[in-house]
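> Can you make the complete structure from the sequences, with help from the hints?
To convert, count from 1 in the sequence shown and add 81; that's the numbering used here.
In case anyone wonders, no lab produced these hints; they're calculated from the structure. As the structure is a prediction and not an experimental result, all values here were calculated from the model. Yeah, the Cβ is synthetic: ideal placement off N, Cα and C, and Gly gets one too. There may be inaccurate statements among the hints.
Each computed BS3-like pair below joins lysine-lysine, with the alpha-carbon atoms no more than 25 Å apart [unchecked claim]:
| id | residue 1 | residue 2 |
| --- | --- | --- |
| 1 | K174 | K252 |
| 2 | K222 | K252 |
| 3 | K174 | K222 |
DEER-style ranges, computed between Cβ atoms [what the hints assert, rightly or not]:
| id | residue 1 | residue 2 | range |
| --- | --- | --- | --- |
| 4 | C227 | W157 | 25 to 31 Å |
| 5 | W157 | P195 | 21 to 27 Å |
| 6 | D113 | R209 | 34 to 40 Å |
| 7 | P273 | P198 | 20 to 26 Å |
| 8 | F94 | N225 | 43 to 49 Å |
| 9 | S286 | S168 | 26 to 32 Å |
| 10 | L305 | V102 | 55 to 61 Å |
| 11 | P198 | S89 | 46 to 52 Å |
| 12 | W157 | P224 | 24 to 30 Å |
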Amino acid sequence: MKPLYQFSLRSFFLLLSCIAVVLAVFARYCADVAARNAAILAIKDELGVGADLWSANGGLIENPQDGDPVSIHVGWLDSDRLVRFLSRCARVKSVRELSIWGATWSPEVLANVPRNPQVRTLHIQSARGLTLETCLLLVSKFPNICELDVYQSDIRQDGFCSLRALHHLRKIELGLHDIPGEDIVDACLFLPGLEYLTIRRTDLSGELHRLNGLPRLEVLHLHLSDYSEGDLAGFLDHTTCRRVCVTGGTLVNLDVLETRIVDKEKLTIFDWGPGTTYRGVKCTRPSEK
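Here it is, written out as structure tokens:
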């Protein structure tokens, strides 16, 4: 039988080993957090006072101390600051969403932008120079994005269906100048994995029903777009979407529409009066959503 002190000594060294492992893991975590916070603060310093950095739960990050994924919203950067900003973001693993307003894009600018596999959501709005070719080049810099919003850009009808190159997207928001509704729908049908689709400022007369060709579509948001109550009711009669949101645009005649809707719970109409319902059709304001 071994002496008791041998068991005590073995237990002591085992305890020391466990403590050393825990301390090493904690030190690595602290180093990662410190590097992340330093990088985020460097981004804020680079961008100046106008930069808004948001945590995943929507709170504004004044002094980032947590490990939450970060969403960064910036606007009106010149080409040099845009490249520096995107280069810094590529070094921050916790940045998951970028929203960039009013920037000027070109192949020359993007040539200096590093790849960023961390970002999952990309919002590009009021963009200058964002042609279809430049858009596809931009997306190639973010190989793992599953949500893309290109609104008020210079993408026009030339080769619009080349968006099929983005077949991996789950969510896309389109608001493009001078693109016929037929071409918008054609492009969307090349993205069979879409689950969330927003179409802004587009004449979709006679085209809505074709969106039922998207087998995984769950949410459709029609923002300031044109269609008839027959178009919308016909879509709702056959859609597998769990929610259809209508904001502004050609607000259809609900007296006619209500007689055509089988499942009224699928339809949400934003900014249609102060009430919560209108003749059986759910109605809400964005502030109440």
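> Checking each numbered hint in turn, tell me which of them this model violates, lowest number first.
Failing hint: just 9.
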